[in-house]
Amino acid sequence: MTPTRSLFEVRGAGKAFNGVAAIENVGFAVQRGEFVAVLGPSGAGKTTLFRCLAGLTSMDSGAAILEGRDVASFRGRERRHIAVVFQQFNLVNRLSALQNVLAGRLGYVPAWRGWLRRFSRADVLLALQCLERVGLLPQAAQRADTLSGGQQQRVAIARALAQQPDLIIADEPVASLDPRIGAGILELLRSICHSGDDGIAVICSLHQPHFARQFADRVVGMAGGRIVVDSVATAFDERALQYVYGRDNDGPTAPANGIQTLALA
Amino acid sequence: MASADAAQAQLLFETRLRGTPRSRFKLVAILFCIVVFYVVCWRLAQVDPVKLVNGLPKLGHWLAQAWPPNVAELPLFGLRIAETVAMAAIGTTIATLLAIPMAVLASRNITPFPRLYYPARWFLNALRGIDSFVFALLFVAAVGLGPFAGVLGIALHTWGSAAKFFADHIENAQLGPLDAVRTTGAGRGTAIVFALLPDVLPVLLSTTLFWWEFNVRASTVLGVVGAGGIGLELKNSMDLLDFPRLFTIIALILVVVTVLDQISGWLRKRLV
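Residue numbers (our numbering), protein chains in the order written: chain A, 1 to 265; chain B, 1 to 272.
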């Protein structure tokens, strides 16, 4: 098998806050059209990792490489290559769903269009197509804060699509939603990922292992700021789960620490 | 039913309620300080109820002289009041426009120049600390008598107050949408205008209305230092002891201020 170059590669990523490492030597690669789920207990460093990958925080060491280019060197509109979906949706409350999606075009259009919120017909059409893709075309004119949580997250995904990115980073996109709505959101992300024509990759952190197995192609497990599991989703079994979350639910005598568990294995 | 631990805890709370000798001494000391403070203030402010009682008949006498009101000069008073409202409107608008970039600079979370954060805050505090009345006094000397000096006075003082208020509001705003819009590849300025302004704008407009209304009330006295408006006629009438004129002007001010109050209140309710 000849190794094809990955779309996105994280190498030796590290970040510390006040001398305490939040993530350490994190590395993995993502191919085009691949849905990677990141699992890990609270405090495992998922959010820090994602903020680093999205360019919202700088790394202390290591690099994230998108198609051969260091993400840290992305300036201004180059950031449009990586779209981010947040747990809290982060829509502009007083703007309509459509205008929120059009925010995804700000990395393409001249600044004055953003200031005046006047977009070209082609951009508006694209934004409406993105809303249609997430099933919210009828709500296009509705103010964002009048939409339900699931609908708001769909608008946020439409905004990410309007960016026409290579990669979507979703930081616990379903943590504030009920399981049924959350499954719908993940199904949408998976279909975007697998639709072939645009070949967008998705990196998505989750708290529910069964969602990861159900929707992702690959699962990366984090514990204590490090990657402890990296496997295809179908191979992510109970044993792998224990590497990530520890074995404390087995009984009171079991070691509670994921790293320790790995050492025992 | 009470366990020994609970009884112990109850005892502890009772002694705490009664207070130790030391905490009781502290209470007395604090009360003493408060009393001293008010005695000193009373002396410094030269409060003299006897003078008030002796002066009241004088006020009653003037009130009696004030009838019938002076309606002959109403057109002049109307013009002067319009001048006052206009001064407040222009001054407040200039202040708001200047306050927006200043508020961005003075907001810890979004300032493009963190080094300038404290200087910006100090500058705004200085503007806020000096009343528009004092600024008007200075500008009358600089640009001459008339409403323009009043406009400048209002603008400078309101600039400081408005920018500080906006900055505090921005510092408490949710920055999630700003982060989100930044990651789409938008520039910093575009992201602020797109993600922050829509949520801040209603508050911004409603406080601007509030300041306009406040400045109309404040600028009725600007005329006293020669900075135009109805205050000028007020002072003239008082100097001439022309009470019908004086009370007509005061009544007119009350009417205009009340009407503006209602209008701005209604508009603000619609905005938020």
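Since the hints were derived computationally from the structure, they do not count as laboratory data. Ideal placement from N, C-alpha and C gives every residue a C-beta, glycine not left out. Any given hint might turn out to be false.
[What the hints assert, rightly or not] Which chain B residues face chain A? A few, computed with CB under 8 angstroms, are given here:
1) 72
2) 179
3) 190
Evaluation of the provided hints:
{"no.": "1", "hint": "72", "result": "violated, 52 angstroms"}
{"no.": "2", "hint": "179", "result": "holds, 6 angstroms"}
{"no.": "3", "hint": "190", "result": "holds, 4 angstroms"}
Comparing the model with each numbered hint stated earlier shows that hint 1 is the single one that does not hold.
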